[in-house]
Amino acid sequence: MFALSLTNRVACWWMIFRIALEERLAYRGDFALGTLMRFLPIITQVFLWTAVFEAVGSGSSTARLAGYSLDDMIAYYLLSMLARAFSSMPGLASTIAKQIREGEVKKYIVQPIDLIGFMLLGRAAHKIAYYTVATLPFALVFYLCRGYFASGWPSSEILIAFVLSCVLGFLLGFFMDLCIGLVGFWFLEVSSLLFIYMLLNFFLSGHMFPLDLLSEPWKTIVDWLPFKYMAYFPAAIFLGKIPAEQLWWQVGTEALWLLGLIGLSRVLYSRGLKRYSGYGG
Amino acid sequence: MTPCETKAKSKHPSYGKVFLMFARNSLVRDMMFRANFLIESVSSVCWAIMNVGLYWIIFEHTTSIGRDTGWGKYEFFVFMGTTWIINSLMQTFFMPNSEEFSELIRTGGLDFAMLKPIDTQFLISLRKVSWSSLSNLLFGILLMVISLAHLMTRAENPWHFQPSIVVLYPLYIACGVAILYSLMICLAATSVWLGRNQTLYDFWFYITNFSRYPMEIYARGWGLPLLFVFTFVIPVLVVVNVPARLLAQPLTPRASWEWPLAGFTLLATVSSLNVSRWVFQKALRSYRSASS
Numbered sequence: 071m072f073a074l075s076l077t078n079r080v081a082c083w084w085m086i087f088r089i090a091l092e093e094r095l096a097y098r099g100d101f102a103l104g105t106l107m108r109f110l111p112i113i114t115q116v117f118l119w120t121a122v123f124e125a126v127g128s129g130s131s132t133a134r135l136a137g138y139s140l141d142d143m144i145a146y147y148l149l150s151m152l153a154r155a156f157s158s159m160p161g162l163a164s165t166i167a168k169q170i171r172e173g174e175v176k177k178y179i180v181q182p183i184d185l186i187g188f189m190l191l192g193r194a195a196h197k198i199a200y201y202t203v204a205t206l207p208f209a210l211v212f213y214l215c216r217g218y219f220a221s222g223w224p225s226s227e228i229l230i231a232f233v234l235s236c237v238l239g240f241l242l243g244f245f246m247d248l249c250i251g252l253v254g255f256w257f258l259e260v261s262s263l264l265f266i267y268m269l270l271n272f273f274l275s276g277h278m279f280p281l282d283l284l285s286e287p288w289k290t291i292v293d294w295l296p297f298k299y300m301a302y303f304p305a306a307i308f309l310g311k312i313p314a315e316q317l318w319w320q321v322g323t324e325a326l327w328l329l330g331l332i333g334l335s336r337v338l339y340s341r342g343l344k345r346y347s348g349y350g351g
Numbered sequence: 003m004t005p006c007e008t009k010a011k012s013k014h015p016s017y018g019k020v021f022l023m024f025a026r027n028s029l030v031r032d033m034m035f036r037a038n039f040l041i042e043s044v045s046s047v048c049w050a051i052m053n054v055g056l057y058w059i060i061f062e063h064t065t066s067i068g069r070d071t072g073w074g075k076y077e078f079f080v081f082m083g084t085t086w087i088i089n090s091l092m093q094t095f096f097m098p099n100s101e102e103f104s105e106l107i108r109t110g111g112l113d114f115a116m117l118k119p120i121d122t123q124f125l126i127s128l129r130k131v132s133w134s135s136l137s138n139l140l141f142g143i144l145l146m147v148i149s150l151a152h153l154m155t156r157a158e159n160p161w162h163f164q165p166s167i168v169v170l171y172p173l174y175i176a177c178g179v180a181i182l183y184s185l186m187i188c189l190a191a192t193s194v195w196l197g198r199n200q201t202l203y204d205f206w207f208y209i210t211n212f213s214r215y216p217m218e219i220y221a222r223g224w225g226l227p228l229l230f231v232f233t234f235v236i237p238v239l240v241v242v243n244v245p246a247r248l249l250a251q252p253l254t255p256r257a258s259w260e261w262p263l264a265g266f267t268l269l270a271t272v273s274s275l276n277v278s279r280w281v282f283q284k285a286l287r288s289y290r291s292a293s294s
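Protein chains in written order, with our numbering: chain A, 71 to 351; chain B, 3 to 294.
Simulated from the structure, these hints should not be mistaken for laboratory data. Positions of the beta carbon are idealized from the N, C-alpha and C atoms, including for glycine. Misleading hints may appear alongside valid ones.
Stated by the list, open to error - Covered by chain A, according to a simulated footprint, are these stretches of chain B (three or more residues, beta-carbon under 8 Å):
# : stretch
1 : 49-57
2 : 62-68
3 : 207-215
4 : 222-231
Unchecked claim - Take a look, some chain A residues computed to stay more than 12 Å from chain B by CB distance:
# : residue
5 : R108
6 : L190
7 : F208
8 : S262
What the hints assert, rightly or not - Here are the computed lysine-lysine pairs in the DSBU-like style, where the Cα-Cα straight-line distance is at most 30 Å:
#  : chain 1 : residue 1 : chain 2 : residue 2
9  : A       : K168      : B       : K118
10 : B       : K118      : B       : K19
11 : A       : K344      : A       : K176
12 : A       : K344      : A       : K168
13 : B       : K75       : B       : K284
14 : B       : K75       : A       : K289
15 : B       : K284      : B       : K118
16 : A       : K298      : A       : K311
17 : A       : K298      : A       : K168
18 : B       : K75       : A       : K311
19 : B       : K75       : A       : K298
20 : A       : K298      : A       : K177
With the hints as constraints, model all of the structure from the sequences given.
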């Protein structure tokens with residue numbers, strides 16, 4: 071009996087996953103072009119940082135800025151884009167808040183499908199569809215920019231930590247966005263909250279600059295916040311900016327954040343459902 | 003007034019009055035949702051502050067962008083202020099309209115715009131004013147004034163006020179806005195042929211992204227072709243660079259290429275406007291309505 075329900079369950083998850091995958095692959099041409107264009111700002115970043123380093127080191131190629139050489143800096147931007155491709159969840163929080171506001175959450179109450187599981191599978195499928203299409207443009211850009219990765223491929227330990235931190239980044243990004251969306255049970259409209267979150271995320275995740283550039287006490291504060299795992303952390307691992315003895319501790323901290331957020335989202339969802347009164351049609 | 007005069011008058015609607023009416027209507031609409039208006043204004047200023055924050059951090063580590071370019075911290079903040087002023091003018095007056103233009107083409111709503119007894123490009127370009135975007139204009143001016151005050155009071159090589167700047171700066175701001183407007187109209191008009199052009203809007207964002215930095219940073223290696231294309235073919239680089247440079251850098255000494263560049267900007271403005279007019283009318287002639 072149990073075995074049957076488990077296979078049923080897996081079949082159900084598989085179906086959800088496939089639907090989301092098909093949905094995403096419908097417009098792949100436009101999608102690949104859009105991904106490629108997203109790398110255009112890197113060009114201006116290359117020139118900007120070249121100019122900055124020129125001023126710092128009076129033109130010498132050994133100039134360092136907070137421990138970063140010019141090559142490191144450009145490599146950092148490329149890697150943080152890759153990390154963001156995992157952790158960014160466009161439209162997740164607002165979709166959930168909208169479903170709460172318009173009463174669509176009802177369908178998860180009457181159907182034997184868990185809202186959080188459904189959303190997670192949907193996102194995972196979207197991401198996988200995204201990578202199948204985006205791998206080519208990403209590979210092309212990284213190949214063209216291979217010169218910036220001065221020290222070549224890192225050790226296998228670092229590579230494993232890098233991949234793990236990307237996957238954890240995806241989950242962390244998902245559950246953070248999810249929690250913001252679930253606050254909608256209390257406030258209905260979460261766009262202001264979401265805006266503050268996006269602002270913090272953009273600045274403190276290291277999407278705009280390597281967090282090592284920050285001065286104390288900011289650096290320590292940002293180190294304790296979960297935002298850095300969304301962009302800075304995977305890139306810093308790859309570039310060997312995380313000291314070896316701290317590497318797994320930090321990955322562990324990330325996992326703890328993730329567990330905490332999973333717990334929080336469960337609490338928010340169950341408490342929220344008690345308040346929920348099914349507005350809308 | 004004779005009937006003849008009335009007829010002549012009705013042929014030439016008063017564009018100023020019509021524009022004021024558009025602006026008034028938009029303001030009335032914005033004021034209906036005051037909290038939303040406030041949130042929009044605050045959020046766009048927040049993005050701007052964050053951007054300043056980024057460069058603040060960069061300037062903790064360096065004294066200037068590029069060697070001997072003269073773009074120190076506060077000079078660069080004048081540059082950023084200029085960027086925000088020009089961008090906010092674009093967002094206030096033209097951005098919402100050109101977004102709608104593509105929609106009008108796709109849905110066939112352009113028919114109604116063409117029937118109106120007024121220049122279609124004028125109607126399409128200025129129908130909506132997004133007042134909340136003006137908050138960034140104020141922010142840009144504030145940033146500029148604070149930075150200029152710093153430059154004025156610094157010990158070495160302080161900034162001096164030049165009377166000519168009162169005329170030149172607004173003139174070149176206007177040129178910058180006109181060039182960006184032309185580019186935007188050209189991109190929007192392509193929806194006549196393409197049906198829909200979401201990617202082209204991203205393209206707009208990425209092209210104008212080049213204009214946000216001092217042009218000296220491109221003057222090396224494979225940046226030179228970019229510098230050439232974005233100055234002489236799609237002149238987005240002169241948009242912010244020329245007015246910001248006039249304001250932030252001392253009038254003398256000037257590098258030999260600066261005055262010719264300022265002259266070229268005027269030429270580029272006039273030709274961009276002409277090209278955009280030509281593209282717009284070509285697009286209108288190819289327009290074959292939609293739906294029914």
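> Would you say the stretch 207-215 of chain B counts as covered by chain A, given the rule of at least 3 residues with C-beta under 8 Å?
Replying inline: That given contact holds, which follows from 5 residues of the stretch 207-215 of chain B lying within Cβ reach (below 8 Å) of chain A.
>> Tell me if the straight-line CA distance from K284/B to K118/B falls inside 30 Å.
In response: It holds: about 19 Å lies between the C-alpha atoms, which stays within 30 Å.
> Does K284/B lie within 30 Å of K75/B when you go C-alpha to C-alpha?
Replying inline: Violated. K75/B to K284/B sits at ~45 Å, over the 30 Å cutoff.
>> So if I understand the rule, the pair passes when the alpha-carbon distance is 30 Å or less; does K75/B with K311/A pass?
In response: Judged against 30 Å, a Cα distance of about 28 Å means the pair holds.
> Is the hinted pair K75/B and K298/A satisfied, with a Cα-Cα distance of at most 30 Å?
Replying inline: The given pair, whose Cα atoms are some 27 Å apart, holds under the 30 Å limit.
>> With the threshold set at 30 Å, check whether the alpha-carbon distance from K168/A to K118/B stays at or below it.
In response: Status violated; Cα separation ~39 Å.
> Is the Cβ of R108/A farther than 12 Å from every Cβ of chain B?
Replying inline: 8 Å, violated
> Residue count check for the stretch 222-231 of chain B against chain A: does it reach three with CB-CB under 8 Å?
Replying inline: holds (count 3)
>> Verify this for me: three or more residues of the stretch 49-57 of chain B with a beta carbon less than 8 Å from a beta carbon of chain A.
In response: holds (count 4)
> Going straight from one Cα to the other, do K298/A and K168/A come out at no more than 30 Å?
Replying inline: 28 Å, holds
> Is the straight-line distance between the alpha-carbon of K344/A and that of K168/A 30 Å or less?
Replying inline: 18 Å, holds
>> Checking one constraint from the list: CA of K75/B to CA of K289/A, max 30 Å. Satisfied?
In response: With Cα atoms ~22 Å apart, K75/B and K289/A stay inside 30 Å; holds.
Hint compliance for this structure: hints 5, 8, 9, 13, 20 are broken, all remaining hints hold.
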